[in-house]
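There are 2 protein chains.
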Amino acid sequence: MLRSHTCGELRIEDQGTEVTLCGWIQRRRDFGSMSFFDLRDRYGITQLAFNEETNAVILDEARSLAREFVVQITGIVRERSNKNPNLSTGDVEIEVTRIHLLNRALTPPFTIEDETDGGEEIRMKYRYLDLRRNPVKNRLVLRHQTNKSVREYLNAKEFIEVETPYLIKSTPEGARDFVVPSRLNEGQYYALPQSPQTFKQLLMVSGYDRYYQIVKCFRDEDFRADRQPEFTQIDCEMSFVERDDIISVFEGMIRKVFLDVRQYDLGEIPVISYDDAMRLYGSDKPDLRFGMTFCYLTDVAKGKDFAIFDQAETIVAINVTDGNAFTRKELDAITDYVKRPQIGAKGMIYCRVNEDGSLKSSVDKFFDREALSQWASVCASQPGDLILVLSGDHSTVLKQMNELRLHVAGLKGLRNPENFKACWVVDFPLLEWDEESKRFHAMHHPFTSPLPEDENMLDSDPGKVRANAYDMAINGMEVGGGSIRIYNKELQAKMFKLLGFTDEEAKEQFGFLMNAFEYGAPPHGGIAFGFDRLCAILSGTDSIRDVIAFPKNNMGRDLMIDAPSVLNKHQLNELGLSN
Amino acid sequence: MLRSHTCGELRIEDQGTEVTLCGWIQRRRDFGSMSFFDLRDRYGITQLAFNEETNAVILDEARSLAREFVVQITGIVRERSNKNPNLSTGDVEIEVTRIHLLNRALTPPFTIEDETDGGEEIRMKYRYLDLRRNPVKNRLVLRHQTNKSVREYLNAKEFIEVETPYLIKSTPEGARDFVVPSRLNEGQYYALPQSPQTFKQLLMVSGYDRYYQIVKCFRDEDFRADRQPEFTQIDCEMSFVERDDIISVFEGMIRKVFLDVRQYDLGEIPVISYDDAMRLYGSDKPDLRFGMTFCYLTDVAKGKDFAIFDQAETIVAINVTDGNAFTRKELDAITDYVKRPQIGAKGMIYCRVNEDGSLKSSVDKFFDREALSQWASVCASQPGDLILVLSGDHSTVLKQMNELRLHVAGLKGLRNPENFKACWVVDFPLLEWDEESKRFHAMHHPFTSPLPEDENMLDSDPGKVRANAYDMAINGMEVGGGSIRIYNKELQAKMFKLLGFTDEEAKEQFGFLMNAFEYGAPPHGGIAFGFDRLCAILSGTDSIRDVIAFPKNNMGRDLMIDAPSVLNKHQLNELGLSN
Chain F
563 MLRSHTCGEL RIEDQGTEVT LCGWIQRRRD FGSMSFFDLR DRYGITQLAF
613 NEETNAVILD EARSLAREFV VQITGIVRER SNKNPNLSTG DVEIEVTRIH
663 LLNRALTPPF TIEDETDGGE EIRMKYRYLD LRRNPVKNRL VLRHQTNKSV
713 REYLNAKEFI EVETPYLIKS TPEGARDFVV PSRLNEGQYY ALPQSPQTFK
763 QLLMVSGYDR YYQIVKCFRD EDFRADRQPE FTQIDCEMSF VERDDIISVF
813 EGMIRKVFLD VRQYDLGEIP VISYDDAMRL YGSDKPDLRF GMTFCYLTDV
863 AKGKDFAIFD QAETIVAINV TDGNAFTRKE LDAITDYVKR PQIGAKGMIY
913 CRVNEDGSLK SSVDKFFDRE ALSQWASVCA SQPGDLILVL SGDHSTVLKQ
963 MNELRLHVAG LKGLRNPENF KACWVVDFPL LEWDEESKRF HAMHHPFTSP
1013 LPEDENMLDS DPGKVRANAY DMAINGMEVG GGSIRIYNKE LQAKMFKLLG
1063 FTDEEAKEQF GFLMNAFEYG APPHGGIAFG FDRLCAILSG TDSIRDVIAF
1113 PKNNMGRDLM IDAPSVLNKH QLNELGLSN
Chain A
563 MLRSHTCGEL RIEDQGTEVT LCGWIQRRRD FGSMSFFDLR DRYGITQLAF
613 NEETNAVILD EARSLAREFV VQITGIVRER SNKNPNLSTG DVEIEVTRIH
663 LLNRALTPPF TIEDETDGGE EIRMKYRYLD LRRNPVKNRL VLRHQTNKSV
713 REYLNAKEFI EVETPYLIKS TPEGARDFVV PSRLNEGQYY ALPQSPQTFK
763 QLLMVSGYDR YYQIVKCFRD EDFRADRQPE FTQIDCEMSF VERDDIISVF
813 EGMIRKVFLD VRQYDLGEIP VISYDDAMRL YGSDKPDLRF GMTFCYLTDV
863 AKGKDFAIFD QAETIVAINV TDGNAFTRKE LDAITDYVKR PQIGAKGMIY
913 CRVNEDGSLK SSVDKFFDRE ALSQWASVCA SQPGDLILVL SGDHSTVLKQ
963 MNELRLHVAG LKGLRNPENF KACWVVDFPL LEWDEESKRF HAMHHPFTSP
1013 LPEDENMLDS DPGKVRANAY DMAINGMEVG GGSIRIYNKE LQAKMFKLLG
1063 FTDEEAKEQF GFLMNAFEYG APPHGGIAFG FDRLCAILSG TDSIRDVIAF
1113 PKNNMGRDLM IDAPSVLNKH QLNELGLSN
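Those protein sequence lines, which keep their order, are chains F and A.
Take any residue in the first sequence, count from 1 to its spot, add 562: that is its number in the numbering used here.
Take any residue in the second sequence, count from 1 to its spot, add 562: that is its number in the numbering used here.
Next comes chain F alone, as it looks inside the complex (with noise of 0.2 Å):
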């Protein structure tokens, strides 16, 4: 080793010893005779000290140093005289009696420091530099611990990690293939995964009772904002097992990851059907740090004459703690908020709840106080509180409150990212209806079983058949899915009719599925983890491009090796492609 110990080692305890370290200049000190060097290594940082008096010559050395120069220097751990609490190495100090210049660095086009000056183009186009500064370092370790404790428990649990291929068959339903042209066969090309869903399924097929990867999956989309063409997957699948065995594995799962990563316990997780999820929260992945549930104002704020409310099929409304703190000019900002083209209300009602318990609405004129008590009561308003109303057709302006709920919750410090809920939402409807194509697609995927009670409603209405799937949602996002799987051929067969495929094509791309469930299928079901998305919120941040060591721009380009890029004439002749 080029090195004695690491920059994040030493402590009070090895003063007097002679070390060597190896690493990065970070940042430099002058004081007239005197200077001070932050050396930086992936473990922490180290004071180096140098002094005229006691080496003139090494000094003018060190002087010559710039930042991110790589260096390896000796001396001798001495007891800083102004220490830095802060640091884990912050009791001593480096006198350095060599230093051996490894690699000399050009000044980086921004700095190397938590909070940077460089954009994030330029950031991207230099990601091997920007990977130098701790949050970003931080966020790839922790990236690594989740995955560490990922496998510990399932490993535990007797799960096995079998590696499912990458060129695989394309599939022209459902979202868009990356394909890969086969030279050997042309004219031919292989796919690449958008899950290992069938590949697990036949693994259950094969009796391996607990399957788990950790595996790149890669979907050929429009890109949009925190969308990346290449994703990581907990993938998983369990034999003999019904919908609550899953879910209390995997909670199990979730359970240790934040204990684990974030010394967090997630205490309940509460199980919550489709239907409240979203007559509560407006969302199927509701965010629970919070209250603020939905209240239904449709029965007593109708025929008041009020025409906006008198033409909407549903008036919803939520309370707001504290709310009436909102200054009108802040009132105003969310009403335009929600009024924005994404969201799409046409306005927002308002009603005061004052300290003295009088009602003061933004629709006085329609509302008297008898009626705006109703509105009070059917929220269980408090003295202080503020009531925010929506109104409109129904599932429209579910989403809107949805927004409406989670920007009131913002601007109230309601969603600190530090702090994390989790939940269950079950019972999702099997089939949702195309108006465009005029049928019926799989909510989840077609394997996907109807919950038992609800089969014999297959053939008499479809539509209101509940999935036996389950997805499991943290601070309101969405970070795995899954369900238990149709293991038998004549359901599936129905299925696969139900969502209008003819034999022909269920046989053309699930042939060999549909074939292996007559050789003896075991009932069986998974589940799916985002895993960016997971780093993410453990990370406390927004965008999974945080968490991934090179992602990809939102036109799915890596900016700093520059790819997708043009092949050669050879190679396109011998892939027989021509453009």
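Because the hints were derived from the structure by calculation, they are not lab data.
Heads up, some of the hints might be wrong.
Given that identical chains are not distinguished, each listed pair holds provided it fits within a single copy or across any two copies.
When the alpha-carbon atoms are kept at most 25 Å apart in a straight line, the in silico BS3-like pairs for lysine-lysine are as follows [to be verified]:
1) Lys1069 / Lys1000
2) Lys818 / Lys719
3) Lys1069 / Lys1131
4) Lys1000 / Lys1131
5) Lys901 / Lys922
6) Lys974 / Lys847
7) Lys687 / Lys1069
8) Lys719 / Lys699
9) Lys847 / Lys818
10) Lys1051 / Lys687
11) Lys710 / Lys818
12) Lys908 / Lys891
13) Lys847 / Lys961
14) Lys778 / Lys710
15) Lys1059 / Lys1000
16) Lys927 / Lys901
17) Lys778 / Lys699
18) Lys1026 / Lys1051
Keeping the supplied structure of chain F fixed, place chain A upon it in accordance with the hints.
Just chain A now, with coordinates in the frame of chain F:
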């Protein structure tokens, strides 16, 4: 859970307990009024007992179950009268009181037994059934354990796993890339990584210090036996290290894996120079499970009027202990073996060392007793031994003798796949001269540094420069290799020049890495292990296909899912592809 226990769990202590098991019907034995079934799951086999006298109805029910049916059974654990010591559950059986048929099964196209009657193609097509067989399952479980053991070791050594991207940039140099057309950047392509080489070096520039990843890699080669288009690597890199540090860290890893997975102590792992490996074994991945090192007769066997030797550049021999026991017929077969076109020897000379010490060669006409005793002396032969001799062009005859050595060792049972012997090979040549292109190629890759003591020959005699590189071989197979990297920009530029890259080509292909090296690159080095190969060796199997859950055939096809396949017009159009 649909079961109270697994099929590998019950013991004599459980007798009297009511249990519920799930699994597949493996086998059935009828004895008059009694029937016994073996119920199988991943964890083992449990015997189910049915008796007409105690429960005729359920016996009837049971007898309707065929092989590979999936059932849930409930019953009472009883002591077996006829115990099976080969089975962990062999002391007990279940007196079944209830059968719930979970799924029927067609008769499998081959038997699901340790020794199956299915040919390779049918087993590939029905891979999900082949995966049920014990030998296949055990190898995948071993693969999981190997993965786990590797991670435990590297995690404990402060390595962190960082995921590098799969959609990267194509480099025309080296092996052929699989490419992925980019829909959002028409006419441009990503490439799938052949290894994360440049990314792991960038991570060192970023200060990550100790990186690893167990990662899929892709190479579009003309398939040979035991090559797969996608394969898995244990990919590692360290900063501030020298060769011996890497050797010591990864020797520790391999040692732990063999202990954990096979309870096998690898013993001392010798470090052999490339020159010695070639001289003694004619191979840079010598099989050290046995001796038979090469002996050179060039000096003593020339000039005896035996034209074949006189014209040969090199005359090389091995001494086969107790080899005099080979019959004439066996020796003829060995001669035929080395004369096969794949090996291409013109012939083989032998010399028997009789028990009485007399010598009898196949070329007695040319070599008298005295001449032959010189052979025996060079080869340190003992009575009862056999000397085998090949001659010809130096590098060709070494390769042939390597094959002969391995073949004879095989015949003598010295290549037991349950014995393991590892070694390091170091001091490879840095460059290989390619006659066709009249230029040097990098023996490892262009980032491999020369041995410090040889660096001064880079200008004067580049062919003589040795690489600061190391390979690990186990039982004659290469399992890993790596090098200390060049981290100095000038040296890297010199290397590219030696390899015939123009400045533009180097910049075009490796520009981002070269740039990164200008911002403070630390000394670093790394290694990659072939994970499939390592698992194959640990499993005692010759083929990496045996340790891959869903392998492809020699044409790169997955026979089960029938990939690659043609795309539909819509998909091709979206990608701007015309075929």
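Please work out whether the CA atoms of Lys1069 and Lys1000 approach to 25 Å or closer within one copy, between two copies, in both situations, or in neither?
-> For Lys1069 and Lys1000, only the intra-copy Cα distance (22 Å) is at most 25 Å; the inter-copy one is 54 Å.
Have a look at Lys1026 and Lys1051 and pick one of within, between, both or neither, based on CA distance no larger than 25 Å.
-> Answer is within: at 22 Å inside a copy they meet the 25 Å cutoff, but 67 Å across does not.
Intra- versus inter-subunit Cα pairing at 25 Å for Lys778 with Lys699 | Answer is both; intra-copy 21 Å and inter-copy 24 Å each pass.
Within, between, both or neither, where Lys778 and Lys710 count as close if Cα-Cα is 25 Å or less | both (16 Å within a copy, 19 Å between copies)
When no copy is specified for Lys1059 and Lys1000, does a C-alpha distance of 25 Å or less occur within a copy, between copies, both, or neither?
-> within (14 Å within a copy, 64 Å between copies)
Using 25 Å as the alpha carbon limit, work out where Lys847 and Lys818 are close: within a copy, between copies, both or neither.
-> within (21 Å within a copy, 44 Å between copies)
How do Lys818 and Lys719 come out at 25 Å by Cα distance, when the copy is not named: within, between, both, or neither?
-> Result: close both inside a copy and across copies, 13 Å intra and 23 Å inter.
Taking 25 Å as the upper bound on the Cα-Cα distance, should Lys847 and Lys961 be classified as within, between, both, or neither?
-> Answer is within: at 12 Å inside a copy they meet the 25 Å cutoff, but 65 Å across does not.
From the Cα coordinates, with 25 Å as the cut-off, is the pair Lys1069 and Lys1131 best called within, between, both, or neither?
-> Cα proximity of Lys1069 and Lys1131: across copies only (20 Å, versus 38 Å in one copy).
Using 25 Å as the alpha carbon limit, work out where Lys974 and Lys847 are close: within a copy, between copies, both or neither.
-> within (20 Å within a copy, 67 Å between copies)
Tell me, please, which holds for Lys710 and Lys818 at an alpha-carbon limit of 25 Å: within, between, both or neither?
-> both (11 Å within a copy, 18 Å between copies)
Have a look at Lys1000 and Lys1131 and pick one of within, between, both or neither, based on CA distance no larger than 25 Å.
-> For Lys1000 and Lys1131, only the inter-copy Cα distance (23 Å) is at most 25 Å; the intra-copy one is 45 Å.
Of the numbered hints stated above, none is contradicted by the structure.
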